[in-house]
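Keeping their order, the protein sequence lines are chains A and B.
Letter by letter, the first sequence follows residues 1 to 1128 in our numbering.
Letter by letter, the second sequence follows residues 10001 to 10271 in our numbering.
Keep in mind that the hints were calculated from the coordinates and are not lab data.
Worth double-checking, as some hints may not be accurate.
Unchecked claim - Covered stretches of chain A (chain B as the covering partner; in silico rule of three or more C-beta atoms under 8 Å from a C-beta of chain B):
1. 717-726
2. 950-962
3. 965-974
Said to hold, decoys possible - If we take Cβ atoms under 7 Å as the criterion, some of the chain B residues that face chain A in the derived model are:
4. Glu10011
5. Tyr10026
6. Glu10028
7. Trp10032
8. Pro10033
9. Val10034
10. Ala10106
11. Arg10107
12. Gly10111
13. Pro10112
14. Asp10134
15. Ala10207
A quick note: this is a predicted structure, and the numbers were derived from the prediction, not measured.
Note that CB positions come from ideal geometry on N, CA and C, so glycine has one too.
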Amino acid sequence: MSTSHPPMADLSPEERRALLAQLLRAKARASVTRMPLSYGQQALYFTQQLAPESSAYNVAFAATVRSAVDALALQRAFQTIVDRHAALRTSFELTDDGPVQCVAGAADLDFALLDLAGYDDAELARQVEAAHAQPFDLACAPLMRVRLFTRHATDHVLLMTVHHIVFDGWSMGLVLDELTRLYAAELGGSAADLAPVQHQYGEFVAWQQQMLAGSDGERLRTYWHGRLAGDLPVLDLPIDKPRPPFQSFHGSSHTLTFAPGLALKLRELAKAEHTTLYALVLAAFYVLLHRSTGQEDLIVGSPMAGRSRPAFQQTVGYFVSPLPLRATLAADDSFRDVLGQVRQILHEAIAHEDYPFALLVEQLHPKREPGRTPIIEVLFTHQKAQILGKLAEGMATGSLRSPEMGLQLEPFPLSQENGQFDLSLLLIEAGDALGAQLKYNSDLFEPATIARMAGHFQMLLDGIIADPGQAIGTLPMLTPEEQSLILAQWNATDAAYPADRCIHELVAAQAARTPEAIAVWADAATLTYGELERRANRLAHHLRTLGVGPGSLVGVLLERTPTMLVALLGVLKAGAAYVPLDPGFPAERLAMMLEDSRAAVLLTQASLVATVSAGSAHLVCLDTDWPPIEALPDEALPSLAGPEDLAYVIFTSGSTGRPKGVQIPHRAVVNFLHSMAREPGLAADDVLLAVTTLSFDIAVLELFLPLLVGARVALASRGDAANGEALASLLVETGASVMQAAPVTWRLLLATDWQPIHGFKGLCGGEALPASLAGELLERGVTLWNMYGPTETTVWSTLQRITSAEPPILIGRPIANTQLYILSPALQPLPVGVTGELYIGGDGLAHGYLHQPALTNERFINSPFSSEPGVRLYYTGDLARYKADGSVEVLGRTDHQVKIRGFRIELGEIEATLVRHPEVAEAAVAARDDGRGGLRLVAYLVPTGTEIPAAGALRVYLRTTLPDYMLPTAFVPLDQLPRTPNGKLDRRALPAPEPTRALANANFQPPSSSTEQAVAEVWREVLQLERVGVYDNFFDLGGHSLLAVETLARLEHRLGVKVGPAVLRMQSLGQIAATYDELLRTTPEPASDKNASAPPPTPPSQGLAGRLFNAVRRVVAPGDADGKGERS
Amino acid sequence: MTSMPTHEPIEPAFFGPPSHRLFGCYHEPQGWPVRDYGIVICYPIGQEYLRSHRACQYLASAAARAGFPTLRFDYYGTGDSAGDPDELALEHWRNDLLLAVEELRARSGVGPVILAGLRLGASLALTAAAQIDDLAGLVLWEPVVHGNAYLDELVALHDEAILRYFVRPQDYTPSPRPAELLGFPVGAPLRTALEKLDLLAVPPPRARPILLIESHSMPEHAALANHLGARARLTHEHVPSFTVWTDDVDKGLVPNQVIAAIVAWLEKVFA
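Based on the sequences and whatever the hints tell you, model everything.
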């Protein structure tokens, strides 16, 4: 306050009035009323304090003014607004009891004029944005700024920025309305006839506290806690980028353009359904979310004005509160059902709207996921322009000449894009016009994805209008362009191939071209193309004489030698299909497979005859029975088989306990091989090292692809294929230029010094390729391909050249004449980025499962995308999604099938087998990470008696029917299996196994508790070591039994309790300390007269035996004359 | 829900055909993750077997704690296995080893197997290696390299023992090839087989890792190391310690340092 002023008497009346006003103002400014915050304000206050530089909560009004502006009038008008509304004179202060708000009696408006003459549009925009984005210091009132940027007399930008903690959308409407009238009044020199403000924000705060404390508050609380009971859903929108661990409020928006007439049709529909446009569009938004995520339990936040009490409808302040609207949608609900549900939810929510959301969050205490907003992640806002006043209405629809203000205004596009929520739909109604905006967190989404989502929303609205009774799962969502792209363009894989030929005919053709070239190499023998052909022909003749022909199945049980290839080709040439039987499988499983296949003939060798009972199959030993076959003609038989006849039947794991046979015709294999020859590509000068067992269908690529192009197959034996050093040396020895294997085998190879030759192609498949392994292979110099495909669609159906180890590692695109479909459970094609079920179509499809028509029909469905009869799709059971460029990413399974070391396993098959053991009551099997990038099987067993059977014995039992790769590596006994509330097995609650010493040792952990330290100290003394850790084992550190006795004695002396020596053998230091702690807890008091621990046993006296042995020692160990050895 | 083990989980295992029942002890790995390799421990024979039994048990235990499923077993005619002592033959024992490998695979589900032999057990392991499908590696703990020399040693010890500690019959003449050595029967077949045993003539398995570990440097070990190193990935370790089967045996000693070295090598090579 200025103290220097002339005496009052010297002042004119006006000057006196002005001075008085000034003094009054100063007094008012100094007078501050303190009051608590509303719940919404508290939440905002803390959020802002955590990110003080953030402008996420700056609310703005920005307009380009294309007329002359009276800046002083404007300033006075705004000052009046500040004077009228306590909220705009409020600042916030943190006291010992929490934050309080301080309303000053008066506050000076922060108003500035900025001369930007000569600035271009871009620079102007930057200035305006920067001014808007300036953060507020909540401790300084007013939390409002006005800026007028002037380029010339009729070109200005007016910017008003207010902090949300004292302001909301409704307040904006009130303020803009007042501004209009005040400015006009100032211009005209008259006083605006604004009614005085009856209720200020402070009253609302008081009212809120009272209400919550009373019965109303209780009623509201009960309602909301009921609606939000149980696990709250977490929305998994198809985001493009990984979610950052904290919110950064980077946002952007996409404006939807609605077709003319859409607004009218929507209003008509709303009317026909007896509801509001708001509810209708909100229901459509739920459908969009459901279809984009597949989720059924959805929460959408809808901000309510929060001014249910008429008293506060003229009050400026922060009233708005989002209501969490929770709905349940199912794919076969009709839209009308959803609409009905939404109406009900809205109706109830509005009746309970006064409960502050911030308080709800506090009470419900939801698990905070990093980077996610609690409870509400998606917002639906309906901006009705009436609320905002005519000025705002004009802003929504475009240019407005405000006659009252005499100003020509246009909305200034300010990116108020604060990205608070993952996604927000803003529906703007202004008069008859309808507009919408999708606001989004730009840390999560690319603009293209949101643009696509906008397209989906419009398609849905069109579909809803056309038929509101339609099931929401089948409403068309993809735009026609998307459909064409996803269904047609990305599946345009038509390619010519010899579709009328069989595999053996193509091999024969190649053999005719290069009969002297080596076809197969193995450690003990090689075969040229010519020889291979001749022998296979002879075998085919023989098989024919046994009645083998098209429709027959022939079992092949052979070791990995060139004879194996002779056998396969021989079978094919006879017109039959081969059934691979792995010599490593248990006899019972092989017998089951033979029986199921009803094989007429079994081709085997003398050393394997005993491994299986052939049943009714006629046995041919290709070694001992060969001589008569050698005498048969070696020309090719006329081919009886056609492309639709089967080439092979391969058995895969069955979920109910019995393996199932997949029937693959020639046509599928020829298409596959032809595609592979092109990409990844194989040529006559290639050598492929074949390492995969015949019973895994990928062996088809390894054995037949080279034969198709005149290349060479180098056969690795079973033993070598499992040994990294052997593989490395074979690769060098054979000059191999291609190898295909599952990740486990690649890892074995990478553990050696192997260096691939230039241009070496590595195909990886059978299970997901980990990014780390991809990196290592690329670093080693391998040209790397990731391959994907179920047995049912013939070896591989997609491939991806991998050039970077950046995750995600994709499976890529379909091979020739193959189509991919990513579908919702209702078989609707899904857009890019949305996860769905992967189906495969095309020439690679198997006929089905041997003798299992019902299962075949279940998995091979009629294609909804083809009008031709008989066109099918195979349901893979894999979850996948498209990337923007059409390549595919696999994300997991819909069932309990896992891949271990590339083998496909149904957990149910193992569980069913375990439970058949008389001492096992219940069983669950899980695949667990082994910490080295692979998965292992762990079985959890509940015994019928007190103990589960011993592990080794259990495996012996399982092996009678299961192959080795399905044997669990660990068995964990449980008192009971964990179950979900509805009684189903809760697999996620199965405990993790204890780590081995080696794993634990990787991180040395010093002793911490006093018991651990005591134990460690004794160990250090006794073992004479400097350092002993929590995971160490006494004997592994060099202790032995005598030292153990001494150690335990010392510990008993120190701690007062005794443990048995076995504990020292079995447990780590940490576990031993825990054992002592447990005993100390349960032992009443340490014995005061502890018996002195027995001294260590003295060495037995030197009797006859001693003298004998000592003599022996002296003779045998001349250098150890003193006989000084350590004692154990 | 699960509990820490308080006793060694050793499973007794009888295996082999009914006419040729063998006894072994299977050690299931403790903890996670379990390794992809199993170990079969091949005992020595005779006195060495008796004196080193505990050490072999400790070795099996330590290996199982490190995540390796492990089996140790008695040869036909020894320990708890069937057969009479006069049926002892090296050929049998080689077959027994093959059966033991199968038993380990059946109990553990592993494919690749490491043979860890002590003394003659190590010699056996090396000579049988070529017949083992999917052999991953070998541990040769003080192997008997020259069977002839070994026989001579045993004979000398035997004579010494007789001369020092027992009343000699008057007409006693030491035999160059007694039918019993230190209380352990050695029939003609065994004797002949031992005479012919020469590890330097056994082709080493290609490219497999081998640990040759000793507590006393012997020239034959060095020679063996050279021989094996030509084709296999050989590690030759010297861990000073007493030799349990000869020193202070009445105290039940276990050369923990050697066992620790063996397990450390296994952990490193078969990660």
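### Task
Go through the numbered hints given earlier and state which of them the structure violates, listing their numbers in rising order.
none
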